[in-house]
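Terminal number for the sequence shown in our numbering: 71, no gaps in between.
Each hint should be verified, as a subset may be incorrect.
What the hints assert, rightly or not - Per label pair, the in silico range of CB-to-CB distance:
| hint | residue 1 | residue 2 | range |
| --- | --- | --- | --- |
| 1 | Met1 | Lys61 | 28 to 38 Å |
| 2 | Val4 | Gly40 | 13 to 23 Å |
| 3 | Met1 | Asn62 | 16 to 26 Å |
| 4 | Met1 | Lys32 | 13 to 23 Å |
| 5 | Met1 | Gly34 | 17 to 27 Å |
| 6 | Leu37 | Gly7 | 17 to 27 Å |
| 7 | Lys61 | Leu37 | 18 to 28 Å |
| 8 | Glu29 | Thr50 | 18 to 28 Å |
| 9 | Val8 | Glu54 | 25 to 35 Å |
Stated by the list, open to error - For lysine-lysine, the following DSBU-like pairs were computed, each having C-alpha atoms within a straight-line distance of at most 35 Å:
| hint | residue 1 | residue 2 |
| --- | --- | --- |
| 10 | Lys56 | Lys32 |
| 11 | Lys13 | Lys57 |
| 12 | Lys53 | Lys38 |
| 13 | Lys38 | Lys61 |
No wet-lab data here; the hints were simulated from the structure.
The structure displayed is predicted, hence computed values, not measured ones.
By construction, the Cβ of each residue, glycine as well, lies at the ideal position given by its N, Cα and C atoms.
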Amino acid sequence: MGRVSKGVECSIKGCSGQAERSISRDIFEKSKVGLELKEGVGDRVYLCKTHYKEFKKSYRKNVWRIERFSR
1 MGRVSKGVEC SIKGCSGQAE RSISRDIFEK SKVGLELKEG VGDRVYLCKT HYKEFKKSYR
61 KNVWRIERFS R
């Protein structure tokens, strides 16, 4: 069992929601989403449903489109 299924909290500062997804910290920082992480976050970032939605929009706008069309 992973951490998400065990009920880890969202890694965003000021949010105490239960995490739905986890992503690598590198990918999170590439997306330039503008969300501030809590202190002591390791290599994985855990996001609740609302923050994952924000991340996904920003990632598609800033990273995904660039990587997709640069091939």
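- Message: Please list, smallest to largest, the hint numbers that this structure does not respect.
- Response: 3, 4, 5 and 9
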